[in-house]
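Number of protein chains: 2
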Amino acid sequence: MQQYKITFLPNNISVNVPAGQHLLRSALEAGVHINASCGGEGACGKCRVLVEQGNVEEEKSGHLSDQDRKKGYRLACKSIVSSDASIRIPVESAVDTSALMRVSPRNTTRVEQIEFKDIKDQGLLVPPMQKYFLQLAKPDAQDNVADVARLVSHLGLKHDEHGLEVSLPVIRKIPAIFREKQFGVTVTLARPVRESGKTQIINVQPGDTTCENFAIAMDIGTTTIYGQAVDLISGKILAESGTFNAQISYGEDVITRIMFAEKADGLDKLQKVVVESINKVLDKIIRKSGIARESVSVLTLAGNTTMTQLLLKVEPRFIRRSPYVPTSKIYPPIKAIDVGINLGDHVTALVYPQVSSYVGGDIVSGVMGSGMNRTHKLTLFLDIGTNAEVVIGNKDWMACAACSAGPAFEGSGIKFGMRAAKGAIEDFSIDPKTYEPMLITIGSVRPKGICGSGLITIAATLFEMGVINNRGKFERNLDTDRIREKNDIYEYVLAYRNETQIDRDIAINEIDIENLIRAKGAIYSGCMTLLQEVGMGFDDIEQIILAGGFGSYVDLEKAMTIGLLPEIDTDKIMYVGNASLLGARMCALTNQVRREVVGVTNMMTNFELSETSSYMDHYVAALFLPHTDMIRFPKLKKRMQERKDALAKLR
Amino acid sequence: MQQYKITFLPNNISVNVPAGQHLLRSALEAGVHINASCGGEGACGKCRVLVEQGNVEEEKSGHLSDQDRKKGYRLACKSIVSSDASIRIPVESAVDTSALMRVSPRNTTRVEQIEFKDIKDQGLLVPPMQKYFLQLAKPDAQDNVADVARLVSHLGLKHDEHGLEVSLPVIRKIPAIFREKQFGVTVTLARPVRESGKTQIINVQPGDTTCENFAIAMDIGTTTIYGQAVDLISGKILAESGTFNAQISYGEDVITRIMFAEKADGLDKLQKVVVESINKVLDKIIRKSGIARESVSVLTLAGNTTMTQLLLKVEPRFIRRSPYVPTSKIYPPIKAIDVGINLGDHVTALVYPQVSSYVGGDIVSGVMGSGMNRTHKLTLFLDIGTNAEVVIGNKDWMACAACSAGPAFEGSGIKFGMRAAKGAIEDFSIDPKTYEPMLITIGSVRPKGICGSGLITIAATLFEMGVINNRGKFERNLDTDRIREKNDIYEYVLAYRNETQIDRDIAINEIDIENLIRAKGAIYSGCMTLLQEVGMGFDDIEQIILAGGFGSYVDLEKAMTIGLLPEIDTDKIMYVGNASLLGARMCALTNQVRREVVGVTNMMTNFELSETSSYMDHYVAALFLPHTDMIRFPKLKKRMQERKDALAKLR
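Here the protein sequences line up with chains A and B, keeping their order. In this text, residue positions in the first sequence follow this note's numbering: the first is -16, and each later residue adds one. In this text, residue positions in the second sequence follow this note's numbering: the first is -16, and each later residue adds one.
It does not matter which identical chain is meant; a pair holds if it fits inside one copy or across any two.
In silico lysine-lysine, DSS-like type, Cα no more than 25 Å apart, as pairs:
| # | residue 1 | residue 2 |
| --- | --- | --- |
| 1 | 246 | 164 |
| 2 | 263 | 318 |
| 3 | 618 | 555 |
| 4 | 318 | 255 |
Quick caveat, the hints were computed from the structure, so don't treat them as lab data.
Kindly produce the complete structure, drawing on both the sequences and the hints.
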């Protein structure tokens, strides 16, 4: 995409941004503060800037007079980059606060998508499904062998396929289908995972349908179910869709779901509703992609341990009770229709195995989907969703743990927390003198609340700008009305009532920050504990793979500032998105994954953090911003020292 | 059993019979005629005999005065052998008709039952199911592996069992069952049929149930369903039961069933009712044997091609249409509950494969159950039930065919035909001078009709005694009222109305005999055709294995007299009863059968007799008693010559 250079004055800070991006966001990415409290909707009129060189495309706003416009004033939030430009930010005080203001520029991670070609290039392609069109000889008095025998012997003679197995549902279809197009039929062969296994004839279709061979990959999340339709010939994703897991009505998290499952018929009920959600996603992606349901050859599923057991109707009672025993690590392939999934009766559902009660198939899938199990690099894999799971290791060994991080990063337990949806504050900076905010919301509309990545950025900024201390408490003596005490709790007002969509002030308070610190502390200390158990430290980490719902939006430097991530070169961090879904798709595309999956799962040594003696010490030490031990965060330490020096100079 | 020697006078013919047998039957076995037309009920009073030496136990009858009794007269049908004895038969004429009367004495075949010990002794025992009791360690904080992993690793460490597979239904049971008896559990392992296969954990039960390990074997007949409960440890049959196949309401034979299945919902309906019958048999044998349904580990099924397809809900349409194509030879193992059979969800049903549309799994099962596939002896296997199937061969090759014999041997198409049940005439002889009959019925009650074995004996006796000719037509000029013309059809009255249970005369007519000749002709010519196709003749046959419902009652010499069987030393004939059920039981007891079954099935070369050019000639030649070519029946020829000579002497 075309990039333009935007220079912000007076501090002369430049940033390259893609054409079409708003100026407000560009400023934020440059680490330049512009007051703005309406999220980017153009409602507050605060983000006036002067275009000194170059042009911006302008969306009209009532907050600027024609005269102002002629002078070159624009609202940053309503101006779209369309050339190189110099933009002057009106400075209310003459004091140059740039030395105070500069935190790290926005730095999100590169998104890594594994493609079909990569799989091929890496020699990982062992196609799981193959179709042949066969023109069989018609039976007559001299040749009246059984239909199935005719098929099997034809495949033997013409395609060198031997030792084939045929299931009963296929046998049932055969008589009618053979005769529908004059004994011209397409067979679907499912290749064995192990070399010693047998190829199975899983489907027969009339006529030639060899070009229609599809898979469905699904991630069964506690909150959301995502699915993709994949073309098994090209490897392309044909459609993708998601929906909420309807089990949510019976409990927000896995523990409440398990409690519901323990009631009479509870398990049946939960199984039924998750399948309804799965079928809804299926319907959507089948409709979107336009594929025939009949031509779906395989289904792959990944979910956490509780989601997997609920879907398979396996009693989850002992997952939530010490010593936290799941029922099984590995589940055999099952018929999709046997659990109620609306696909042809030839479709096998492959379910990712579980490591432990809280490190489930979604994580195994993520590890395999991200390629962590094939790299020699020491990798930290971090999946932050409704809960957080950590895996450390490489192709030779892996240690993993679930962190009791809670859903703070999904907005839960945060007063104005919300999911990453339209109106969620996702970016933030603060004027170092007036403490006025700059807010950017998803969709550039007036704010409704704070999403996970926004929360991290807000907390990191407030901390680095000296608004909160390292225990997350507000400085009581700052000269701003935005910090106030309400019901005995200190808070910072991000947006006043008239600037929001919710007819209330939106603020972040000390309890929110405490929850965030607990959550990030649980994750950081989880990683620390695992590393220490294997005799290593963060310095040994060669790459970090981030996965989960909010990963791509997280400002990595901010995440390091609060001590969620260790300080590491951001080039070594990659984001794989919904890793669970990625692994499910990989498993659909190649048997290589299936061959390795049990080995990988068994290799993943699970640590119950609550049972690991060093964990509590690590956790307590991590309940600070960024950590009790600042030596671990040298870049932050240096920035904070520079700010301190600048402050001293100003005084 | 104690045997006694009974000598019948005046002709001084002796026979050894078991204690407790009636005199009437003993006479019949000796080939001695005593008039008796009430079947052995004591109603006609005709079978008076004089006990000259020894004693008989007597059931009282109103037909003898006290005076007669004192003189030593008894009714043969009411007298039970209890010592050696000499019995004089009052002869109405002074003429010694013994030379005329002697046909062959009754000669039924030895019943061959393959026992568990035989299987063991023959090295065929590859136990398919094994149970272990395991006391697992209870999980704790240091050892909280998944339940299934705990089980699998225990089996690996303590029992050297590796590469185990566990199905979803078992996984579902595990959490509760492990905790029911403090982690003391019994597992059932199903051994793979092929060496390369994997052992499967198919069941878990709380506590120690290692001594309860059962199989159910079933024969799914067109008419009747039989089942046995088998102890997999001792090999013993614990209970046996049967019931009519409720599909009978939708058609007597396979063709009418297939026609019904072609109607809307017809297949579903037939599947449902046969499963109901199966479940009824199951209930009976489970009740009779007192075993727990839960401890049934496996189900084995054998049925003809149509019965198999109907049970498995596989479209049977093409079975009845030229070129008579079945859908599949081999069916994979299926879950019993998947077809509606009321057994635990861990139970796999193994279904015998089919050779062709009319040589089905019942025959393959019979071949394997009887051991035909393991003998080097050239064997003729003959299963006569609702239809008749022939297999010729040995362990190295086999040829088979279905004969369109029809159900004459089950009493169908015979005016007074009936199944082998109480009141059926099963034995018969005739006074060579008066043509008065001696009848013995099943249960020694007044006759109701004629069963298959009775029909053979009656026809053979009428033929050998010159009452019917070799085309089955009655001699028109014999001096007896029993031969009469009724509605233009000649018949022989076996029992008059007042001697029967049905308030009508019971007779055998020329149409009956014609049907019998057609049926036996179809079987004999089927055998001939097969033999000729492989370049052999009856002389090459080293043994005959008879199977089917009526086999054990058939008088072999009589069957040879009518030309149903070739003349062969009767020692070479054995009867295996319900061979289909026998094979099903063998398959339940040892994996050896399962290993061999596909090979045997593929080895069985099917001949469609209607497509085999020589068949029609053989058939036409066989439409005589015993055959156009008497040279094939030298013993009969000799007896008939002797009778002719005796007759000439008497004249």
